[in-house]
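> The chain contents come next:
Protein chains: 2
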Amino acid sequence: MAKGPGLPKGTRDFGPLEMYRRNYIFNTIRSVFRLYGYQPLETPAIENLSTLMGKYGEEGDRLLFKILNSGDFRSKISDEDFINAGLPELSSLLAEKGLRYDLTVPFARYVVQHRNDINFPFKRYQIQPVWRADKPQKGRYREFYQCDVDVIGDDSLFNEYELIKIIDDVFSRLSVRNRIVLNNRRLLNGIAEKIGEGGKIADITVAIDKLDKTGIENVNRELAAKGLSAEAIERLQPILFLGGSVESKLNKLGDMLAGSEEGMAGVKEMRTLFDYIESDNLDSECVFDLTLARGLDYYTGTIIEAKALDYEIGSICGGGRYDDLTGIFGLAGVSGVGISFGADRIYDVMINLDLFPQHSEQDTQVLFINFGDKEEKYSIPLLNSLRKAGIASELFPSAMKIKKQMAYANSRSIPWVIIAGESEISNNKVTVKNMISGQQHIINKDELPDFLRNKN
Amino acid sequence: MAKGPGLPKGTRDFGPLEMYRRNYIFNTIRSVFRLYGYQPLETPAIENLSTLMGKYGEEGDRLLFKILNSGDFRSKISDEDFINAGLPELSSLLAEKGLRYDLTVPFARYVVQHRNDINFPFKRYQIQPVWRADKPQKGRYREFYQCDVDVIGDDSLFNEYELIKIIDDVFSRLSVRNRIVLNNRRLLNGIAEKIGEGGKIADITVAIDKLDKTGIENVNRELAAKGLSAEAIERLQPILFLGGSVESKLNKLGDMLAGSEEGMAGVKEMRTLFDYIESDNLDSECVFDLTLARGLDYYTGTIIEAKALDYEIGSICGGGRYDDLTGIFGLAGVSGVGISFGADRIYDVMINLDLFPQHSEQDTQVLFINFGDKEEKYSIPLLNSLRKAGIASELFPSAMKIKKQMAYANSRSIPWVIIAGESEISNNKVTVKNMISGQQHIINKDELPDFLRNKN
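These protein sequence lines are chains R and V, in that order. For the first sequence, this note's numbering assigns the number 6 to the initial residue and increments by one for each residue that follows. For the second sequence, this note's numbering assigns the number 6 to the initial residue and increments by one for each residue that follows.
Relax, there's no trap hidden among the hints.
Each pair may be met inside one copy or between any two copies, as identical chains are not told apart.
Below, a list of computed lysine-lysine pairs in the DSSO-like style, where the Cα atoms sit at most 30 Å apart:
#1 Lys406 to Lys273
#2 Lys81 to Lys60
#3 Lys393 to Lys460
#4 Lys218 to Lys254
In short, the hints are calculated from the structure, not lab data. No experiment lies behind these values; they were computed from the predicted model shown.
Please put together the full structure from these sequences, using the hints given.
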């Protein structure tokens with residue numbers, strides 16, 4: 006036999022066991038989103054490249070999967086263009102469409118297209134795969150799922166609080182112990198302003214974002230390399246290592262940032278948000294960390310990130326407030342806040358911490374052994390009655406060797422096997438075997454649904 | 006403002022209402038698949054073109070969406086090849102991957118890759134979108150969902166019976182009245198053999214498949230054009246218009262096809278299948294129609310198709326037995342039988358017959374009006390208590406004008422609004438307003454979850 010078929014690198018099949026586990030995550034996330042009043046949205050996998058290009062930076066443009074124009078794409082390109090065009094130009098001649106790169110840009114497009122029909126605030130969730138032509142590596146795939154939840158058209162910090170509640174609720178249900186880290190971009194703006202480097206806010210946040218990983222010396226070196234004055238770096242130090250309670254941090258920042266409108270707005274927002282959090286009783290630990298700066302060019306207010314406490318894997322949920330989601334498509338002034346759960350990383354955390362429930366109710370509960378035509382006829386109405394009772398059940402389709410049928414039940418982890426042979430039939434009985442304990446019960450055939458319903 | 010962003014032709018967004026309805030269909034189908042013991046599988050959207058090409062005929066190859074190679078795809082192609090290659094060659098130089106065209110070929114690839122881990126019979130379902138660069142038209146999209154359910158590795162007609170049960174069960178739950186049409190490819194083979202045109206089975210089935218649409222004269226004209234002898238066409242006539250009960254049809258066919266091994270095997274299979282069906286009590290009408298021939302080059306035994314009775318739209322479910330699913334990937338001898346539900350058509354049927362349930366429990370049930378900080382503080386624990394009780398609830402995030410908040414509740418079809426202003430707060434009460442009847446109830450705040458649970 007020739008080498009068998011394979012999958013493109015960075016892509017995966019999800020067999021039954023992985024599907025049950027993944028659906029356990031997706032269903033948990035989805036049910037929490039619903040409980041909080043968010044509505045479902047789905048957009049197509051294929052978008053116009055004019056919608057996608059230029060939204061994710063140069064790197065993002067390069068990582069977009071582009072779809073070769075269909076039909077006679079060749080006839081529309083001159084030989085000369087073909088030979089002389091640079092790679093980006095040639096791409097744009099060959100491809101007008103691409104695969105969704107995230108769920109945010111399609112969401113922005115949707116909002117702009119439907120702005121006259123949407124009643125704001127618009128609370129939507131979206132759970133779909135995205136594609137990136139990234140170099141595949143451990144934990145990084147070319148096709149992976151995002152679970153986004155956003156509310157747009159409302160400025161209240163109550164929305165941020167709700168998203169933090171959602172993180173807390175989802176991870177409580179999944180039993181993933183976690184820490185939620187919060188910051189506010191306006192605080193960072195205020196700090197940059199106060200140390201006299203307001204124009205270098207991008208460089209400053211990129212550098213301090215690495216504090217965790219590389220340590221203060223490397224951060225300071227990077228800041229100096231970016232042209233920050235020694236004095237500014239000096240003034241930044243106490244801020245980076247601000248200690249104490251949230252309240253005391255905010256008090257100190259209030260003193261430091263006095264006079265910076267942006268900075269004081271950040272202090273006020275953070276205070277409001279922590280007022281909400283502290284009046285609640287969350288499972289997740291919530292901390293305020295000035296060095297959190299994810300997705301700088303995007304977020305304009307609160308920044309949110311959650312990490313698993315018991316397994317090292319980077320952030321498992323993150324997001325923040327953005328004041329201009331739809332500006333890229335010509336609709337200004339729509340503020341929003343949202344977070345995204347990383348289902349693949351959550352899966353890895355849960356596998357490694359053994360957090361998936363053992364027993365899946367979604368799988369087959371009962372297998373009827375097939376002894377032949379006559380026994381099959383006896384079993385089919387019983388099979389139907391179990392299914393009517395909502396109990397997932399199968400009859401082995403052929404009268405194979407019992408050993409093979411039992412092996413099938415074991416391989417599928419089916420907990421109950423029904424044996425209805427000649428002696429059972431003549432007495433209107435069935436034998437019910439528990440595959441875990443090995444125990445057998447002989448019961449009247451009509452009692453089967455009730456018997457199994459009570460056991461499940 | 007410039008012309009806003011749009012979607013590629015043949016693709017669609019699904020907003021909240023469409024999502025609820027579509028999920029109603031998908032959830033119904035999925036829950037029936039599970040109840041019958043089928044297991045979930047998902048494969049990636051992107052497959053190697055070597056997996057996809059040549060599996061759907063020349064037309065199919067043309068309709069595949071191909072993904073432009075990422076990175077410096079240009080450098081691997083000489084100018085000469087670039088200029089001189091024909092379209093298919095050029096495509097293959099530019100694209101190594103493509104989008105999934107159906108769920109069957111990826112399933113076959115999966116089975117071959119995992120043949121050593123799979124315990125046969127393998128009963129799997131798969132609900133995912135597929136993509137085809139077809140000319141979009143009413144009811145035909147370039148991205149659409151298929152809901153496939155297949156069992157492979159077992160020859161018993163019990164499997165066909167179960168799939169028919171699944172069709173019956175799904176459409177009963179969806180209240181879609183339907184007719185299930187059955188045929189068997191071996192009968193068609195036998196007939197072709199018997200009329201002396203065994204080599205023309207493909208032409209014969211293509212022609213008679215059109216009997217419904219074009220009438221017998223056109224069918225006969227087509228058969229003659231394909232080179233069938235006048236005598237063969239003559240002998241075919243009574244078979245095409247075979248009347249009477251299934252039993253009498255099968256008896257007549259038994260007489261006609263005596264001596265054709267293939268034909269008699271078809272008679273026997275059909276008889277077995279109808280024995281199963283007639284001992285059951287299905288809602289769907291099941292008929293035997295010799296002119297049903299869908300997907301000829303594919304099916305080798307039973308052929309299955311379901312149509313809605315009350316709305317004209319073509320088949321809403323179809324499938325059959327294939328004896329060599331995995332042969333294309335070098336694994337011979339794996340027989341399977343499967344069906345596919347067309348979710349988009351079922352959606353159209355249900356919209357046009359007004360079959361969707363009015364009230365969606367998945368949507369928000371309760372909105373708390375936001376009167377300001379103090380009232381918000383009073384409401385948040387009540388909001389939390391409702392969510393804990395599993396009741397999807399929202400608090401309007403800002404203290405906007407009441408009129409605006411009420412309009413939001415109406416636009417979202419939220420049935421209950423909670424009013425907790427100064428007088429309610431001082432008495433530990435809330436006012437609960439039913440948005441449909443207009444009725445208001447003043448109740449103790451602690452009774453809110455129970456009150457609403459009983460109403461829902």
